[in-house]
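Protein chains in written order, with the working numbering: chain A, 360 to 538; chain B, 5 to 105; chain C, 789 to 1158.
Quick caveat, the hints were computed from the structure, so don't treat them as lab data.
Only a predicted model underlies this, so the values are computations on that prediction, with no experimental measurement involved.
Careful, some of the hints might be misleading.
[Claimed, not checked] Going by beta-carbon spacing under 8 Å, a handful of chain B positions derived as facing chain A:
1. L34
2. V52
3. A75
4. V95
Idealized CB from N, CA, C, for every residue including glycine.
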Amino acid sequence: MPLALFIFLAALAIISSLGVVIQRNPVHSLLALVMTLLVIAVLFIGLGAVTVGFLQAIVYAGAIMVLFLFVIWLLNLQVEERMTGHLALKFFGAIAAAALVAELFLFFAHAHPALAGKEMAPGYGSIASLATVLFKDYLIAFEATSLLLLVAVVGAVAIARRPSPSEADASGGKTGAAS
Amino acid sequence: MTVPYSWVMALSAAIFVIGVAGVLLRRNVLVMFMSIELMLNAVNLGFVALARRLGTMDGQVIVFFVMTVAAAEAAVGLGIIISMFRNRETVNADELNLLKW
Amino acid sequence: MIELLIGALKAIIILLLALNLAAILLWFERKGSALIQDRIGANRAAITGLGRKLGLPNLGFVNTLVADPIKLFTKEDFVPEGADRFLHALAPFLALFPVLITFAVVPFGDQITIAGHTIVLQAASLDVAALYILATIGIGVYGVALGGWASNNRWALLGSVRATAQMISYEIAMGLAIIAVVMTYGTLDLQAMCHAQGGVWFGWLPRWGIFLQPVAFLLFMTAGMAESKRVPFDLPEGESELIAGYFTEYSGGKQACFMLTDFAEIVLVSVLVTTFFFGGWQIPWLYRDGFHFPGGATFAMPNLLVAILGVIAFWVKVVIFCWLQILIRWTLPRFRYDQLMRLGWKGLVPLGLLNIVATAFVIVLAGGAH
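Turn these sequences into a full structure, and let the hints guide you.
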């Protein structure tokens, strides 16, 4: 993809991910994360992973983030008045983050300079090629993942549901304040 | 002009570090969780870039699985947050310290 | 350079066509509902009585089309106290944008050749168009969700929570219907699907998708109407209960955006149903070189005329399905919320899955794609 487009998308991604971390309103934070996810989806498409890019938009930005939004509503989270946390934690955390960035940048900037990569094979990143590899080489992982999703759904429902009245009485009458 | 892959990896590193900073510096459990999703996405970006570099589809399949596992983890994690909120009425990580010595 | 110009022209044309049809649908709905309910409908808008003075027939159509937008855009635009101003301003556009960009991948005609350039009548020829449609429908949830939240109004929030839950539930049913269609045609590209719906069976029956996937058609139509929150699924909007549900606190241009979203989604569902199940721009027995009737008679026509007829046929079919949705709206009562969710999860999703399994069996037995 054109270099100018990549630089634009990279700047957008970094700005919106900074927005996730810096914003005090959790809904704004969530919107910034949705924007980051969509920018990353576009980057995927630009790098040839067309199917995975659209799946990122459908699954991540379209479903998981709506789940987050529902939880924010349910818990009725308001804007944080101030950034809580010890000052020392912030200070050393910032230094550590900067050091990590510097190290990673050094590492990647001195990597192979002419990483043009192989030419994309026709059908690279198409749904057919993804499906072929997924169902031939990674079939067991695929089946295990489907089982994992089932377990996750059952587990999430079991954890998050309101305790039924009999259970609440059994645990000494301490019922939750939020539904 | 195609993009040099070290640049894509650098972007992935930058987003990853922003996610780490979010987890360490924010106290709201939901925002920490969102920062974890940022980290996962940065890693996905790295995988896709390297898959393109090597010309294989394995990187994209791994991204597919990471996405699925992230969905499962988000569901369970949010269930835990809801359950914790029901008990302690707070989502501030500093106040969730029942197990602290 | 000329390619860029052609692409931009196609994009502008299809966007204008879709938006205009959405605006016309507003009048269509008022007069159509009046017809169904045995009354006259909106006919009071008149440009200073000009038509009547000149002895012309009452141009109520034009007057309403002009008066409604003027009314909507000149109303005072207020933000409720304590509301989040940024989200309040953002939500209508976040709702409208995904609906409009979905029109980019819809083929509204066969390719035409002008002066050596072959122009495919589709704004963006995407290989994975069906995935793109699912993605944009998924993004469309956010405008609705944030519209209610940003209003600082608990009834609006209630409407928007219901709307969001409804939309994500019926998205699944829609996705399953689309998967069945994709399996039948073996491709995600919409133009290729339209091409595959040319030709005839038994010498006379056009090869439209409805004959191959009737269940998917019903599924998609139902899920599409639920996605656009039309009656009988309009509890989130709840005109007699929640005033206007999630867009109660919006007025002026922002309300215009939300209403435009509603009508543009009607057009979108009609367009998608036409493309997937009714042959898109295909006219029965019309091929690239002319008509080939089942009786053996042929009628040669130039390529350009065939393409133009295709485009007209496409929009006629779209208008028919828009009318069908308006008809359903004014005939059926509203679903209660638990009935709605039960229909979505316990009715449409298992039906969609069974449809996919059955389609898979048929494809394997028939030895390849139909």
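Can you list which hints this structure breaks, lowest number first? none
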